[in-house]
Amino acid sequence: MTTNGTREVDLVDYDDAVARYDPVFGIEVHVELGTRTKMFCPSVAVFGEEPNTAVSPVSLGLPGALPVVNGTAVEYAIRIGLALNCSIAETCRFARKNYFYPDVPKNFQTSQFDEPIAYDGWLDVELDDGSVFRVEIERAHMEEDAGKNTHVGGATGRIQGAEYSLIDYNRAGIPLVEVVTRPITGAGERTPEVARAYVQTLRDIFRALDVSEARMERGNVRADVNLSLRATPDSPLGTRTETKNVNSFRSVERAVRYEISRQAAILDAGGTITQETRHWHEDTGITTAGRIKSDSDDYRYFPEPDLAPVSPDRAWVEQIRAALPEMPAARRRRLRATGASLTPRCATSSTRPRSTSSSRPSPRARARGDGRLDDVDRGRVDDVAHLGVSEAPVARSRRRRAAGISGNAARICSTHARSGETGARSGSGK
Amino acid sequence: MTDLTRLTAAELADRLTSREVSSVEATRAHLDRIAAVEPALHSFLYVNGDEALATARDIDSRRAAGEQLHALAGVPIAIKDIVVTKGMPTTAGSKILEGWIPPYDATITTRIRAAGLPILGKTNMDEFAMGSSTEHSAFGNTHNPWDLDRIPGGSGGGSAAAVAAYEAPLAIGTDTGGSIRQPAAVTGTVGVKPTYGGVSRYGLIALASSLDQAGPVTRTVLDSALLHELIGGHDPRDSTSIDEPLPGLVAAARQGRSGDLTGLRVGVISELTGEGYQPGVRARFAESLEVLRGAGAEIVEVSCPNFKYALGAYYLILPSEASSNLAKFDGMRFGLRVEPSEGNVTAERVMGATRGAGFGDEVKRRIILGTYALSAGYYDAYYGSAQKVRTLIQRDFAAAFAQADVLVSPTAPTTAFKLGEKLDDPLAMYLNDVATIPANLAGIPGLSVPNGLSDDGLPVGFQVLAPAKADDRLYRVGAALEALLEAQWGGPILAKAPELEVAR
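Just so you know, the protein sequences line up as chains A and B, in that order.
For the numbering used here, add 1 to where a residue sits in the first sequence, where the first one is 1.
For the numbering used here, add 92 to where a residue sits in the second sequence, where the first one is 1.
So that you can see chain A by itself, here it is in the shape it has in the complex (with noise of 0.2 Å):
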């Protein structure tokens, strides 16, 4: 069992490991979207307020809860796929992922599976010495957020060794749009960088879109990283890990790198790559194993019976095309052409979205989203008190600062606490 922060191997000076493999890699990237309000409900979507208080019977996956679409979040997801030059599907329907996990309120997340909102597009990613790096992107796919864990006791913050969990459901069912890259190859030395980009580019796209505050800090925007090596570009792709939530443009190119030097020390002993997840250390700099993954995981997915497919207007999302932005890097390319005698370093922070007046969306194009589903059309906003929650178990986990809805069920016990402890469990907290 790996610890954290050790090694598990010694490493593969990088030069050499690139110099005997050739890397492919893909990126997930999920972005939090900036909508009012949840994907399918209309609990406000908020960040850093008190534990439990932006919640709905739906967020919570209360008994007979139904979810609504949130049309302002279809439209952001067009945007994206627009963005990233993807067909937006004439329709598309949301699927349910099977698995239990306390954080997943439904013990399924509503997400897209084999019909996605977009899909087959591609996205020019500028490197650092202004050449252009081409990125297919297999889909662009709506889903919702899971809740955040918080785990207590033990030395790490990690479910393992922690003394109970808690579980704030604000961030359940926050919309995401997760935007999946086909196998990425030919970047040969250059794949940190490439990785890096790419998700900076996406960052700087999901702002100038105005569809997300994509902060990469706060985790609106979180990359995984999947990475194999193989011997030439000729040889079959080798086997992959998977480095989730990889939280800082440098983290990318860090995890990238380290997985590369990694995976050759253990294909230079003769070893096997083991298909996992693996987590990202930012303190020490190394990847550590996660669960064990493998392409039979199964999710049991299936058309969401509760949600009518959607179907996007062709003159809607013509008009939405019609009413994107400029891209960053294409202004960029503008202001560089225009003969302004711009650094890159000068072109780049130039683009900053937000202090430009092209990277917002037209009012009508924002009205005709808002109207559509979301918010008003789906019922009021709910209040705590109006869910009647109020009382005892949100008072009482307003205390504990972070809990589920009923004071007992929201502390999962982790992997090692005793069950002796349950009686000063349920008086902690803080």
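Think of the hints as simulated: they come from the structure by calculation, not from any bench.
Only a predicted model underlies this, so the values are computations on that prediction, with no experimental measurement involved.
Glycine included, C-beta positions come from ideal geometry on N, C-alpha and C.
Be aware that one or more of the hints could be misleading.
What the hints assert, rightly or not - Here's a subset of chain B near chain A, in silico, CB distances under 8 Å, partners left out:
#  : residue
1  : 294
2  : 295
3  : 297
4  : 330
5  : 416
6  : 419
7  : 422
8  : 424
9  : 426
10 : 440
11 : 468
12 : 475
Said to hold, decoys possible - 30 Å max Cα-Cα, derived DSBU-like pairs, lysine-lysine:
#  : chain 1 : residue 1 : chain 2 : residue 2
13 : B       : 400       : B       : 456
14 : A       : 245       : A       : 149
15 : A       : 98        : B       : 480
16 : B       : 187       : A       : 98
17 : A       : 149       : B       : 178
18 : A       : 98        : B       : 456
We have chain A already, so just place chain B on it with the hints.
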């Protein structure tokens, strides 16, 4: 003095409107009746006496103040325990929700409260609506008022028994494969499953999302129409809700009472008669067809060849959706929480211990079945194939409705069976729903109306099916048959039921 519990909802509403009786009197009469017969029946899991009387008082004073009220204001109602009711326990008949008090109301609960109907309580049911006898309730079975040794049907046996035994003039049921119509048939009451999307599902604890539909349980067709109009219509909180006005249901029921069905084409589904149906059920069905013919209807025979696959498809789609819908019952946020008796207390082990202790055998059976059917490698063969059968059944209905305005069959193959008789034979239990399931798979509306007693002296139901969104046809045909049969019988069928032993 009139026994207020013997009035139909429409009659009671008239007397309330004319202020001949008060809602407090009516509500108290029903609460007294509940107290008297519950020891024998066990229709209710929770009696909501104080709140019901408070609502009644409020309605009486508003009426006295001259306020314009809903037609059913002040008429008491019972609600199946699968519909969430703020401040009132809601268990879905399961130990896993014992003691849970929902913090919100279902849309139909909101509408019932807004219209001022005192809510008498929550009725018994098979756990999570899985069953045809109410024997799968975690809180004990309900007895059939016609014969206390027999089942009241299921899953909504509590609502049907409550209405049949005059504990409530109106009740809410839910119907995923027949859970409103089959209990109606075996208790001599009327039950309607509306068109899918016709009544909001927001706040119904989901069994199978693509099949579930709430509807009325009453003693007359007109009463069902009144209640259906109250609870039905578009709800923005349910994405599968139909965004159109309901057809005129009460008007159709009143029109039907005339007993004239001239020009109406009635299709007899050949696959839902004959083999497997009790002789008395078949005899009453044949007689009812003659009554309809006598009212001017044209009787035609239609064939729905794919119905033979309906039960198989249903028992893949339902468990698949249920396995996912029931995943949320895990001890983490609400309801029962059981910690493992030994070993580590991890989230996963708490979930396992809670679900192991909280779910009954039938629920576990269907969760296992559904989990299997959705698994990678089996999805296409099971869930995928079942969805194809569903399409074929919809096509069968479309072809049949090209030949007939309504389709008819017996509601259930037999009269009420004995308690315990089929408890150990799930397949025999499942077969009870063979005639009601196709409507759920196709999303079309269906009604069951009493059409006599079988040779064993127990009530039999007649099922009417109509195309989607043509629920009004059910009420027209149902009310016509009811009026003509009651003229033959000299009164409602429930007048033939034995009087229950009354406690106290």
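Status of each hint after checking the structure:
A cut of 8 Å between beta carbons decides the hint on residue 294/B: the least distance to chain A is about 5 Å, and the hint holds. Satisfaction of the interface hint for residue 295/B is found here, the shortest Cβ-Cβ separation to chain A being roughly 4 Å, below the 8 Å cut-off. Hint status for residue 297/B relative to chain A: holds, with the closest Cβ pair at about 4 Å, below 8 Å. The interface hint given for residue 330/B holds, since its Cβ lies 5 Å from the closest Cβ of chain A, which is under the 8 Å cut-off.
The restraint placing residue 416/B at the interface with chain A holds, with a minimum CB-CB distance near 5 Å, inside the 8 Å limit. Below 8 Å, beta-carbon pairs count as interface contacts, and residue 419/B has one with chain A at about 3 Å; its hint therefore holds. Nearest Cβ of chain A to the Cβ of residue 422/B: about 6 Å, under the 8 Å cut. The hint holds. For the restraint placing residue 424/B at the interface with chain A, the shortest Cβ-Cβ distance is roughly 5 Å, inside the 8 Å limit, so the hint holds.
Checking residue 426/B against chain A by beta carbon gives a least distance of about 6 Å; that is within 8 Å, so the hint holds. Given the 8 Å rule on beta carbons, the hint for residue 440/B holds: about 7 Å separates it from the nearest Cβ of chain A. For residue 468/B, the interface hint holds, since its Cβ comes within 8 Å of a Cβ in chain A; the closest pair sits about 5 Å apart. The interface hint given for residue 475/B holds, since its Cβ lies 6 Å from the closest Cβ of chain A, which is under the 8 Å cut-off.
Only pairs whose Cα atoms come within 30 Å are accepted, and residue 400/B paired with residue 456/B is accepted, the gap being roughly 26 Å. A distance of roughly 15 Å separates the Cα atoms of residue 245/A and residue 149/A; the hinted pair therefore holds under the 30 Å criterion. Distance check on the hinted pair: residue 98/A and residue 480/B sit about 22 Å apart at the alpha-carbon level, within 30 Å; holds. The straight-line distance between the Cα atoms of residue 187/B and residue 98/A is roughly 27 Å, inside the 30 Å bound, and the hint therefore holds.
With a CA separation close to 28 Å, the supplied pair residue 149/A and residue 178/B stays within the 30 Å bound. For the hint pairing residue 98/A with residue 456/B, the CA-to-CA distance comes to about 20 Å; that is within 30 Å, so the pair holds.
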